[in-house]
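There are 2 protein chains.
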Amino acid sequence: MVVAVLDRTPAIGDDATAWRFLRSALTPATPTAPDGHFDEWFARRCGANAFEVDRVPLTALPGWHFDDGTGDLRHESGRFFTVAGLLARTDPGWRAEWRQPIILQPEIGTLGILAKEFDGVLHFLMQAKMEPGNATIVQLSPTVQATRSNYTGVHRGAAIKYLEFFAPGRHRVLVDSLQSEQGSWFLHKRNRNIVVETSDDVAVDDDFCWLTLGQILGLLRRENVVNMDSRTVVSCIPLPPEAPAGEGFAASLRRSMSREAEPLHPDGQVLSWLTGMRAQHELIQQRIPLDAVLGGEWFRDDERIARRDGRFFSVIGVDVRASNREVRSWGQPLLAPARPGLVGLLVKRHRGVAHVLVQARVEAGAAVVAELGPSVHCQPDNYRDAEPGTRPAFLDWLLAVPAGRLHYDAVQSEEGGRFYHAVNRYVVAEADEAVPDEAPDGYLWVTLRQLTMLMPHGNYLNVELRSALVCVHSLWCAGSDDDES
Amino acid sequence: MVVAVLDRTPAIGDDATAWRFLRSALTPATPTAPDGHFDEWFARRCGANAFEVDRVPLTALPGWHFDDGTGDLRHESGRFFTVAGLLARTDPGWRAEWRQPIILQPEIGTLGILAKEFDGVLHFLMQAKMEPGNATIVQLSPTVQATRSNYTGVHRGAAIKYLEFFAPGRHRVLVDSLQSEQGSWFLHKRNRNIVVETSDDVAVDDDFCWLTLGQILGLLRRENVVNMDSRTVVSCIPLPPEAPAGEGFAASLRRSMSREAEPLHPDGQVLSWLTGMRAQHELIQQRIPLDAVLGGEWFRDDERIARRDGRFFSVIGVDVRASNREVRSWGQPLLAPARPGLVGLLVKRHRGVAHVLVQARVEAGAAVVAELGPSVHCQPDNYRDAEPGTRPAFLDWLLAVPAGRLHYDAVQSEEGGRFYHAVNRYVVAEADEAVPDEAPDGYLWVTLRQLTMLMPHGNYLNVELRSALVCVHSLWCAGSDDDES
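The listed protein sequences correspond, in order, to chains B and U.
In this text, residue positions in the first sequence follow my numbering: the first is 886, and each later residue adds one.
In this text, residue positions in the second sequence follow my numbering: the first is 886, and each later residue adds one.
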């Protein structure tokens, strides 16, 4: 029996665990992993291995082929992922109907971080890992990033390091939920986000390093260091409720986690609002052959699958050689966004409590019609010539926001194992009077506690909102209230 | 803006609302709605309208046709639902791969109950409604059972009565979540389960009747009166935490709702266990043409789609004439289960607190691989000749359980708008020593509070478990501890 051997002590979501997370978040560096140690280690790891990523035609990817009947791009093993077609239909008023390529990866992978206490402070075992699509090839990843194909040995590579710590019942589970990934690019994709704590001795391999939560959040201030998989797992880590005094922005963020602070909308209303949005919008998804996507707006040649107007994304091929991956060389398709994205989270204080503006966002591959997304999420260049009324809400406000209202502004990469140079500029900005207290239809002001409450259940916060949330956590924990009052 | 006009008073899930529900649950009848009044009204409604349901060939259903390219059974409007094919693949150890017909209904319908306080007691507006597939044609349904097709007027029928009360922001929302339906028969089906309270005057139509929760739960002791749609909405109604003393079964059920009662597994472990089950099992779902299902185990003739061995279910056609439905006559396909089902919930007291045994159940059409299902759910006749080791766990125990351990035993119907004479025998039984305290792999003992905690989020409790749960609530509220100690 799986659960009976687990520690009976509550862990997930309880206050004691949340306070241990906070202590780790407020400890930027420790003797175990001083910041200097990290910089040195990370630079060494980036230089230690040879990586080469070259673009090659889709027709030149070993093991990959376009399926005879459908044109779907598949691996000969039937595993990893498939690029197929999707026909999406939504209710009038949005976009009526469109076809697009979509990544199918029905397996649930594991994004796992191993935790261990040193000198009373939780540390997290992070990995310097290359992914072919990363803009900066090596980024900081969770301890384990394993697809089902990985752990069932489909690609015949070396065993995944530390995977055994995530076997059921062996260690104390601190975080464990299924979370969605990019709904515009994946159909119904989910990964298991898990943090387990061990008291065993752990042999630390060259590519791994123990860091506090404070260090990880600190590294989020840098660009393209903490990868998407790390961000989504870290976003699931609950920070504790507290209600500090103070006029500053960080204090208002902290109060936003408090159970005492009154949210603009009670919890039940937040759930009811999202349920209503999901019921009100129609999203009909039909898998179609990739060939049935081509011919109109989309085309395929040997090199790639792309749109004639150059918008949205293309599917390209890469040839990869790495000296430290489970498999030393391989070819694979990657989805390449046409342009960098912008992910913006608007924050506004209501009665001294920070509220963030979320939207009920319908995406082609969403599992439950709509999930909560950040206030703004788009490729701004797509709207360069758009009529004012057709531009995403708050985009213009955000692009013109004064520097003093920008609390976070950094470029971060999305998953480099599936996407090629997919980067978003993440911005956290404090709203002014131009942003109404009453959110427009499809948008809602919520507190950080309310978002945290939804996190254990999955399919509530989309991956961009979870990423934006860890950016907020980095401000929350930095506690720097000197910037404004 | 949708939410701003909602009442700011917390409603969903708060204790005050839960206590109001309890008061209604403990009020079996009131002057507003005496039990005699119900019986008389219901008998009158059953007799008031003429209903005729005749089986007809699938090829004789007006508006329905087998699609030329795929063989899928569709309505000419493209709405209502479609019977298509599904190829399901699961991990080794379960069933490897199979094809089956499946109902596609990607729209999210509304199952809504209107509530109103009379003399301090919440009453719920229930409807005497015919559905063609019901074993007893008229059953008690929610105030509103509306598909999107209904409220967008696709079938050109009369307007849905009381639908306007469920428009956003107009009334106080007490319950509001998306819940899944039969995962073996539907692909990714969900309906909105909503209860709203009004203080407006409500004109009560002939087919409608105000009942307390106690009356509805009392009617659950009868067979085939409270329809599945009512049961799923009522299952979402939280009953309050309390911790009464007492040695009886009902007291142990009530303590199972208490926050003080220690569950066998902390909440976080329950979530982690289910996340693990979902990640561990593979479920790959591929829609295929219905024609691609036929030829092997399944066949189609003019009359129906069925299996050669007569197992599981068939798809049949019915011609319907009704004098009080939105449309007065129509034909439609229905899914007809081969045999009656058995849904059993095992209950065991641990330290005086009732725990129910749930399983992580993988079904072909599940949206998130596995949901929590009742301890036992099968068509027992399918296993008549099965080897002992291949029969569902606890089936033999349940079939042989002494009458003294049977706290609930009644036949209830599943959704009569999609299924033809689909009935399950629902049983709640107190386990003896033969049922181990340590649940086998894939099963878990949980408290009623833990199930209630998951209810607002959807896709946790499958529809059979939700139905079984209202059967438990009927015992919980009856409070009859005289049957045993």
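Honestly, the hints are just simulated from the structure, not real lab data.
What you are looking at is a predicted structure, and each value in this text was computed from that prediction instead of being measured.
Any given hint might turn out to be false.
[As the list claims (entries may be wrong)] Label pairs and their in silico Cβ distance ranges: (1) HIS1235(U) with HIS1306(B): 52 to 58 Å; (2) GLU961(U) with PHE951(B): 50 to 56 Å; (3) ALA1128(B) with CYS931(U): 37 to 43 Å; (4) GLU1049(B) with ARG1276(U): 31 to 37 Å; (5) VAL1087(U) with ARG1224(B): 50 to 56 Å.
[What the hints assert, rightly or not] Chain B residues, not near chain U, derived (Cβ > 12 Å throughout): (6) ASP899; (7) ASP1086; (8) ASP1326.
[Unchecked claim] Not everything, but these chain U residues come out facing chain B in the computed CB check (under 10 Å): (9) VAL941; (10) ARG1075; (11) ILE1079; (12) VAL1089; (13) GLN1165; (14) ALA1252; (15) VAL1296; (16) VAL1308; (17) VAL1320; (18) HIS1342.
Ideal placement from N, C-alpha and C gives every residue a C-beta, glycine not left out.
For this session: Any hints from earlier that this structure breaks? Give me their numbers in increasing order, please.
Result: Per hint list: 2, 3, 6, 8, 9, 12, 15, 16, 17 violated.
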